[in-house]
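Student: Starting from the known structure of chain A, arrange chain B on it as the hints suggest.
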Amino acid sequence: MIWFVIILTGVINFTFRLSMFSGFRKIYVPAALHRYVAFVPASVLCAIIASSLVTFDGQEITYELEKLAAASVAVACALLTKSVAATLIVGLVTVWIL
Amino acid sequence: MNRTEFFLGVTAMMPLLLGVIPFGLVFGVLGVASGLSETQTILMSSIIFAGASQVVFAQLWATGSAYLIIGSSVALINLRHVLYSAAVSEHLKKLSFKWRVILAYLLTDEAFAVSIQRFNTHGDSRPVHFFMFGAGSSLWIAWQISTVVGVIAGSTIPENWELAFAIPLTFIAVVVPLLKNLPTMICALTSSLIAICGQSLPWNSWILFAAFGGILLGALTEKWNYSR
Numbered sequence: 001m002i003w004f005v006i007i008l009t010g011v012i013n014f015t016f017r018l019s020m021f022s023g024f025r026k027i028y029v030p031a032a033l034h035r036y037v038a039f040v041p042a043s044v045l046c047a048i049i050a051s052s053l054v055t056f057d058g059q060e061i062t063y064e065l066e067k068l069a070a071a072s073v074a075v076a077c078a079l080l081t082k083s084v085a086a087t088l089i090v091g092l093v094t095v096w097i098l
Numbered sequence: 001m002n003r004t005e006f007f008l009g010v011t012a013m014m015p016l017l018l019g020v021i022p023f024g025l026v027f028g029v030l031g032v033a034s035g036l037s038e039t040q041t042i043l044m045s046s047i048i049f050a051g052a053s054q055v056v057f058a059q060l061w062a063t064g065s066a067y068l069i070i071g072s073s074v075a076l077i078n079l080r081h082v083l084y085s086a087a088v089s090e091h092l093k094k095l096s097f098k099w100r101v102i103l104a105y106l107l108t109d110e111a112f113a114v115s116i117q118r119f120n121t122h123g124d125s126r127p128v129h130f131f132m133f134g135a136g137s138s139l140w141i142a143w144q145i146s147t148v149v150g151v152i153a154g155s156t157i158p159e160n161w162e163l164a165f166a167i168p169l170t171f172i173a174v175v176v177p178l179l180k181n182l183p184t185m186i187c188a189l190t191s192s193l194i195a196i197c198g199q200s201l202p203w204n205s206w207i208l209f210a211a212f213g214g215i216l217l218g219a220l221t222e223k224w225n226y227s228r
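So the protein sequences, as listed, match chains A and B. Be aware that the first sequence starts at 1, since it is given in this note's numbering, and climbs by one per residue. Be aware that the second sequence starts at 1, since it is given in this note's numbering, and climbs by one per residue.
Simulated from the structure, these hints should not be mistaken for laboratory data. Idealized CB from N, CA, C, for every residue including glycine. Be aware that one or more of the hints could be misleading.
[Stated by the list, open to error] Computed footprint of chain B on chain A; a stretch qualifies when at least three of its residues, placed anywhere within it, have a C-beta under 8 Å from a C-beta of chain B:
#1 43-51
#2 88-94
[As the list claims (entries may be wrong)] If you anchor each label on the Cβ, the simulated ranges turn out as follows:
#3 Ala31(A) <-> Gln199(B): 31 to 41 Å
#4 Trp99(B) <-> Ala69(A): 43 to 53 Å
#5 Leu201(B) <-> Glu66(A): 22 to 32 Å
#6 Glu159(B) <-> Leu65(A): 12 to 22 Å
#7 Val149(B) <-> Ala31(A): 35 to 45 Å
#8 Glu90(B) <-> Glu60(A): 48 to 58 Å
#9 Lys98(B) <-> Leu80(A): 25 to 35 Å
Only chain A is shown next, with the shape it has when bound in the complex (with noise of 0.2 Å):
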C-alpha cells in the first residue's frame, strides 16, 4: 500500500511538471492559482514547523524550551546565512548543548 501512495503521488508530480508543456493541447493557468500557490510553501512548511516545536489539546501547551530555543536561533541563522546547512547545524548544535 505504501508503495502504491509513493508511486501514485510520483505520478500526480510528474503531471504537474508535464501539465503546461504536454502539447496536447494549450491550457492556461488561471490567474487566481498564480495567488494561492504562491502561498503554498509558506503555509504547509509553518504548520510542520510549528507543530513540531508546540502542541495545545484544549486544555494544556506542550512544548520543549530546548527546542523553542534552538528554532529561534535558526531563524536568526536563516535570515543572516540563508543556508541550509548553516542553519541545520547551528540549530541542531544547540539543542545538542541545551
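Tutor: This is chain B only, laid out in the frame that chain A set:
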C-alpha cells in the same frame, strides 16, 4: 547534444547544490527513521523527486497519517510545478515529446530558477533546452547520491542526536527567506496556529486544514492590501 549549453547549465546549478545536498542527506536519514524501508526511501527520491514534499511525506508517514492525507499534502506542495511548467513551456514549444517528458521530470525549484533566467536572455538564439537538461540532471544526480548517503549514514547515527528535529530546522531554512511581506506572514501565522491547535484532529488532517487556512488568509490579505 550541445555541450556548451549543457555545461553552462551544470555550472549554474553548482552553487545551488550547497542547499540541495544537506537536504538530501536529511531526507535519507529521516526517511529510514520514519519507518520507510531503505529501498522505499531511495526510490522515493527518483519517483517523487521533490525535496520538501518527500520530507513532508516521511514526517506524515512517521506519525501514522492516513494515506489520503499524505497523498494530498504532497500533491498540494508540488502544485507549484504547474506554474513552472507553464513558464518554461513558452520557451520549449518546438521540442519533441521525448524532450518534454525528460525536462518535465527534471523540473524542480532550482532547475526552474536557473533555467528561466537563461531562457529569458538567450531563449531565441541558443538551444537552451540543453542548459535546462544540464542544470536538471546535475541536481538529480546530487539528490540521488545524497539520499543514498543519508540512508547509509542514518543507520549509524545514534538516536539521542535528536535528528527528527532536523525536519523543522530544514523547513525553517526554507521558509524564513519567504517571509518578506505581510500576506506571507499572515499566511504563516494562520497555518502555524491551526497546526498547533489542530493536533487532535483525526488522521493528522490538521496539516490540510492548516495549509488551506494559511493559503486563504494569505491570499485574502494580499487582495485587501492590493485593493486599498
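Student: Now, for every hint given, state plainly whether the structure supports it.
Tutor: Now for the hints, and whether the structure bears them out:
no.	hint	result
1	43-51	holds (count 9)
2	88-94	holds (count 3)
3	Ala31(A) <-> Gln199(B): 31 to 41 Å	holds (35 Å)
4	Trp99(B) <-> Ala69(A): 43 to 53 Å	holds (50 Å)
5	Leu201(B) <-> Glu66(A): 22 to 32 Å	holds (27 Å)
6	Glu159(B) <-> Leu65(A): 12 to 22 Å	holds (21 Å)
7	Val149(B) <-> Ala31(A): 35 to 45 Å	holds (42 Å)
8	Glu90(B) <-> Glu60(A): 48 to 58 Å	holds (53 Å)
9	Lys98(B) <-> Leu80(A): 25 to 35 Å	violated (44 Å)
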